[in-house]
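Chemist: In case you want the letters, here they are:
There are 2 protein chains.
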Amino acid sequence: MQNEFITVKELYKSKEQYIGKEVKVAGWIRTARGSKNFGFIELNDGSFFKNMQIVYDEKLENFKDISKLPISSSVLVEGELVATEGAKQPVEIHATKIVVEGESDSSYPLQKKRHTLEYLRTIAHLRPRSNTFSAVFRVRSLAAYAIHKFFQDRNFVYAHSPIITGSDCEGAGEMFRLTTMDLNDIPKTEDGKIDYSNDFFGKEANLTVSGQLNAEIMALAFRNVYTFGPTFRAENSNTGRHASEFWMIEPEITFADLEDNMELAEDMIKYVINYVLENAPEEMEFFNSFIDKGLFERLNNVVNSDFVRITYTKAVELLIESGHEFEYPVEWGCDLQTEHERYITEQIYNAPVFVTDYPKDIKAFYMRMNEDGKTVRAMDLLVPGVGEIVGGSQREERHDVLLDRIKEMNLNEEDYWWYLELRKFGTATHSGFGLGFERIIMYMTGMSNIRDVIPFPRTPKNAEF
Amino acid sequence: MQNEFITVKELYKSKEQYIGKEVKVAGWIRTARGSKNFGFIELNDGSFFKNMQIVYDEKLENFKDISKLPISSSVLVEGELVATEGAKQPVEIHATKIVVEGESDSSYPLQKKRHTLEYLRTIAHLRPRSNTFSAVFRVRSLAAYAIHKFFQDRNFVYAHSPIITGSDCEGAGEMFRLTTMDLNDIPKTEDGKIDYSNDFFGKEANLTVSGQLNAEIMALAFRNVYTFGPTFRAENSNTGRHASEFWMIEPEITFADLEDNMELAEDMIKYVINYVLENAPEEMEFFNSFIDKGLFERLNNVVNSDFVRITYTKAVELLIESGHEFEYPVEWGCDLQTEHERYITEQIYNAPVFVTDYPKDIKAFYMRMNEDGKTVRAMDLLVPGVGEIVGGSQREERHDVLLDRIKEMNLNEEDYWWYLELRKFGTATHSGFGLGFERIIMYMTGMSNIRDVIPFPRTPKNAEF
Numbered sequence: 014m015q016n017e018f019i020t021v022k023e024l025y026k027s028k029e030q031y032i033g034k035e036v037k038v039a040g041w042i043r044t045a046r047g048s049k050n051f052g053f054i055e056l057n058d059g060s061f062f063k064n065m066q067i068v069y070d071e072k073l074e075n076f077k078d079i080s081k082l083p084i085s086s087s088v089l090v091e092g093e094l095v096a097t098e099g100a101k102q103p104v105e106i107h108a109t110k111i112v113v114e115g116e117s118d119s120s121y122p123l124q125k126k127r128h129t130l131e132y133l134r135t136i137a138h139l140r141p142r143s144n145t146f147s148a149v150f151r152v153r154s155l156a157a158y159a160i161h162k163f164f165q166d167r168n169f170v171y172a173h174s175p176i177i178t179g180s181d182c183e184g185a186g187e188m189f190r191l192t193t194m195d196l197n198d199i200p201k202t203e204d205g206k207i208d209y210s211n212d213f214f215g216k217e218a219n220l221t222v223s224g225q226l227n228a229e230i231m232a233l234a235f236r237n238v239y240t241f242g243p244t245f246r247a248e249n250s251n252t253g254r255h256a257s258e259f260w261m262i263e264p265e266i267t268f269a270d271l272e273d274n275m276e277l278a279e280d281m282i283k284y285v286i287n288y289v290l291e292n293a294p295e296e297m298e299f300f301n302s303f304i305d306k307g308l309f310e311r312l313n314n315v316v317n318s319d320f321v322r323i324t325y326t327k328a329v330e331l332l333i334e335s336g337h338e339f340e341y342p343v344e345w346g347c348d349l350q351t352e353h354e355r356y357i358t359e360q361i362y363n364a365p366v367f368v369t370d371y372p373k374d375i376k377a378f379y380m381r382m383n384e385d386g387k388t389v390r391a392m393d394l395l396v397p398g399v400g401e402i403v404g405g406s407q408r409e410e411r412h413d414v415l416l417d418r419i420k421e422m423n424l425n426e427e428d429y430w431w432y433l434e435l436r437k438f439g440t441a442t443h444s445g446f447g448l449g450f451e452r453i454i455m456y457m458t459g460m461s462n463i464r465d466v467i468p469f470p471r472t473p474k475n476a477e478f
Numbered sequence: 014m015q016n017e018f019i020t021v022k023e024l025y026k027s028k029e030q031y032i033g034k035e036v037k038v039a040g041w042i043r044t045a046r047g048s049k050n051f052g053f054i055e056l057n058d059g060s061f062f063k064n065m066q067i068v069y070d071e072k073l074e075n076f077k078d079i080s081k082l083p084i085s086s087s088v089l090v091e092g093e094l095v096a097t098e099g100a101k102q103p104v105e106i107h108a109t110k111i112v113v114e115g116e117s118d119s120s121y122p123l124q125k126k127r128h129t130l131e132y133l134r135t136i137a138h139l140r141p142r143s144n145t146f147s148a149v150f151r152v153r154s155l156a157a158y159a160i161h162k163f164f165q166d167r168n169f170v171y172a173h174s175p176i177i178t179g180s181d182c183e184g185a186g187e188m189f190r191l192t193t194m195d196l197n198d199i200p201k202t203e204d205g206k207i208d209y210s211n212d213f214f215g216k217e218a219n220l221t222v223s224g225q226l227n228a229e230i231m232a233l234a235f236r237n238v239y240t241f242g243p244t245f246r247a248e249n250s251n252t253g254r255h256a257s258e259f260w261m262i263e264p265e266i267t268f269a270d271l272e273d274n275m276e277l278a279e280d281m282i283k284y285v286i287n288y289v290l291e292n293a294p295e296e297m298e299f300f301n302s303f304i305d306k307g308l309f310e311r312l313n314n315v316v317n318s319d320f321v322r323i324t325y326t327k328a329v330e331l332l333i334e335s336g337h338e339f340e341y342p343v344e345w346g347c348d349l350q351t352e353h354e355r356y357i358t359e360q361i362y363n364a365p366v367f368v369t370d371y372p373k374d375i376k377a378f379y380m381r382m383n384e385d386g387k388t389v390r391a392m393d394l395l396v397p398g399v400g401e402i403v404g405g406s407q408r409e410e411r412h413d414v415l416l417d418r419i420k421e422m423n424l425n426e427e428d429y430w431w432y433l434e435l436r437k438f439g440t441a442t443h444s445g446f447g448l449g450f451e452r453i454i455m456y457m458t459g460m461s462n463i464r465d466v467i468p469f470p471r472t473p474k475n476a477e478f
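Going down the list, the protein sequences come from chains A and B. Just so you know, we're using the numbering used here here: the first sequence kicks off at 14 and counts up by one. Just so you know, we're using the numbering used here here: the second sequence kicks off at 14 and counts up by one.
Among these hints, one or two may not hold up.
You can't tell identical chains apart in this list, so a pair holds if it fits in one copy or across any two.
Cross-link-like lysine-lysine pairs, in silico, DSS-like; alpha carbons within 27 Å at most [claimed, not checked]:
1. Lys-28 to Lys-201
2. Lys-306 to Lys-63
3. Lys-22 to Lys-387
4. Lys-283 to Lys-110
5. Lys-437 to Lys-26
6. Lys-420 to Lys-376
7. Lys-26 to Lys-206
8. Lys-437 to Lys-77
9. Lys-306 to Lys-283
10. Lys-37 to Lys-77
11. Lys-77 to Lys-420
12. Lys-216 to Lys-206
13. Lys-283 to Lys-49
Hints are computed from structural coordinates only; laboratory data are not their basis. Remember, predicted model here, so these are calculated numbers, not experimental data.
Only chain A is shown next, with the shape it has when bound in the complex (with noise of 0.2 Å):
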């Protein structure tokens, strides 16, 4: 049956070939109005960010039901494709015949009027159905698909990396433990201790916080490869930036410095905004209209900056040379904060910078030593409105001196056994840096609050739907 009906877009894009002819569309009603004799229905049909008119009269064999159809109801449409002249929608259907699919209630809880966003999470089932998050769901596709896109045509191979992990080798923080084990009576060995002899794996199991240190087996068989899956954090910060559960890009690429790993996240994120607003034009439009005014002025210079790239060292100077006063002073050796990124891309050069070489104590143990001792080859990218969207580093390829970081940062050597081989079977310059998908999604629509990029987010306290 779905192949009767043309979709909405499809009128949009080809419109000269419909005009005049008859054609059939289903969808849900958005806004309806009528009078005693005609009445008009915003169709959305889902295919496309915007509604197609139905204008409809007495003519109508149902007429009266029609006219009296709750929002959100859906219909089946007949009718003929007009030309509108002057009208804010450049065709609309005139109806023969309408049919009631799926009537709708009038507790629709979608009215017209404004919801809060924070409502508007609650019906997350509905949501999709509004303007904002319509598009934001949309926006959302496409860029996933843009990124495939950039990495599959440069040759990339997608790596699935494992979601469930059998230790925390990144030490990234607060993991959710993953368990079979019945909870009323967990399993103790001897000593008292639990028993994960009995568990699913064998063994303590975690969700994971990075695949990196598996696409790094996978970069040092395939060259390039990209990462590009859900990862978690059990974390408890209630904030608008965080959420439990987020969606990752890693990259990796051997045969290739420092240097290389920032080209390709200036290219690949120059690539997304491109393809997103190109291919989106409708939903862009509308952030820019209603989410963000500044939202087009903003990735227009993203796009067609050179992306700046100074040092850790470099950066501090000029942070302290401006005289701003921070919340958080500034000195070598410090961890950058927000306000800190924000002064630096905003302030200082209004541009996108990429900023390297930080202090090797406020960095993870993978990262390559820098000749001084003291730095390691990172890099975190730092764009206007947002502050760090990127972090990356060249990885340490030398066994040598992975081991001592490893031994230095109180690691467990033996938890790393494999990540070492790769550095004494056939070792190889190589780097990569990780992308949280949200924090793209909300930086190219505007939307403040990643709860509402993620259709159904989880968060502290909160897994509905």
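Starting from the structure of chain A, add chain B where the hints point.
Modeler: Coordinates of chain B only, in the frame set by chain A:
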């Protein structure tokens, strides 16, 4: 630095452009043989299934070192690309300089002798460097992209369904429990039950077994959507076809019935197979030659067949009429076993077969009830060599019928409040199916164990790497 090195893929694909020119490549030594005055290296750089032959002689200043390099050492090679005549490879590089990037070790376990697949699983950090696994994981990557491309080209929205769920909504069996409680000291309520109110999500949380119900939410807003993400089963079954973590594709289409659903599944499967055959010809040749000699024949049969469509009732009749003796006897009402499914698709039709309209008692609550009150609008797609590869249905869109089924199956109505509301606010005919991603990879490669098509498989007692 990466731009300095031309990929082996590029050298093969555009060899005319490079023959006679100086080129630089970087890669790993797959095999090497040398004599007193010259040597050969089969170099793989990860960009391409095939190796590049490097020829060098004693004019290299480090000739002696190079000729002693262990397998899997990484090297940077400069030299001239030369056309070879009558050799099995069309080009080779006559090296003028070879720099050792990372010397391997003679203990490298992937030596030339053949290893068992079981052994290779224990070195999952190195097996992607073997021919078999380099082919498998590249095909996996291309197939994943083909799925995205198929749906995006048709304007489907990629919907991210949640991994963490608050309830076992599909009732699909054993789930992994998720917690941040201290398992040594689980909080209890006054009446001695586990107090989930202080757990991370404030209630029980599990890993998803299917994104379908969430996908239905999205389909009733966007018309056509698909999910593609990891799903989980805590089943303690150690077979070659079951993993605890696997990826699933779940399209969901609205204003669409079971016929549309079958058409979509057929189109998708043909598209993915064709895409992989076109984009990984070297890998597919390898599988056809070394893993499964009937592979091309089988895949071509699928691509060129019109898939058969029969009802379950008809299938049972045919099985009984066949007179074949099955381990599990067939009668109307029984679930079809793999032996039955394979008999239908291999012996009766020698083509892919959709079986539809199963008895309601062996299918899920959400499938649309037929007029007969006994069967539901389910479909399974059976393919030669495997049996079931896709399962789907038209969904019950009638609120009251769905509610009756929920009660009849003793499910908790409250758990489905939003799922039921979808049928209240503009319900519509809709359908969808699920495809286990690993199943189709196994089908396309001839690999017979699911552990060998997942880079880092998770199965009972196994969560290594």
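Chemist: Given identical chains, is Lys-283 near Lys-110, meaning Cα to Cα at most 27 Å, within a copy, between copies, both, or neither?
Modeler: neither (47 Å within a copy, 37 Å between copies)
Chemist: Is the C-alpha distance from Lys-77 to Lys-420 at most 27 Å within one copy, between copies, in both cases, or in neither?
Modeler: neither (78 Å within a copy, 36 Å between copies)
Chemist: Have a look at Lys-437 and Lys-77 and pick one of within, between, both or neither, based on CA distance no larger than 27 Å.
Modeler: Between. Shortest inter-copy distance 21 Å satisfies the 27 Å Cα cut-off; intra-copy 78 Å does not.
Chemist: Evaluate Lys-22 and Lys-387 at a C-alpha cut-off of 27 Å and name the case that applies: within, between, both or neither.
Modeler: Neither: 57 Å inside a copy, 39 Å across copies.
Chemist: 27 Å Cα cut-off: does Lys-37 pair with Lys-77 within a copy, between copies, both or neither?
Modeler: within (21 Å within a copy, 76 Å between copies)
Chemist: At most 27 Å between alpha carbons: which applies to Lys-26 and Lys-206, within, between, both or neither?
Modeler: neither (65 Å within a copy, 59 Å between copies)
Chemist: Give the relationship of Lys-28 and Lys-201 under a CA distance limit of 27 Å: within one copy only, between copies only, both, or neither.
Modeler: Answer is neither; intra-copy 70 Å and inter-copy 64 Å both fail.
Chemist: With identical chains treated as interchangeable, where does the CA-CA distance between Lys-306 and Lys-63 reach 27 Å or less: within a copy, between copies, both, or neither?
Modeler: within (20 Å within a copy, 52 Å between copies)
Chemist: Cα distance capped at 27 Å. Does Lys-216 pair with Lys-206 within a copy, between copies, both, or neither?
Modeler: Both: 13 Å inside a copy, 25 Å across copies.
Chemist: Between the shortest in-copy and the shortest cross-copy C-alpha distance, which are at most 27 Å for Lys-420 and Lys-376: within, between, both, or neither?
Modeler: The answer is within: 15 Å in one copy meets 27 Å, while 55 Å across copies does not.
Chemist: Have a look at Lys-306 and Lys-283 and pick one of within, between, both or neither, based on CA distance no larger than 27 Å.
Modeler: within (20 Å within a copy, 45 Å between copies)
Chemist: 27 Å Cα cut-off: does Lys-283 pair with Lys-49 within a copy, between copies, both or neither?
Modeler: neither (53 Å within a copy, 52 Å between copies)
Of the numbered hints stated above, those contradicted by the structure are hints 1, 3, 4, 5, 7, 11 and 13, listed in ascending order.
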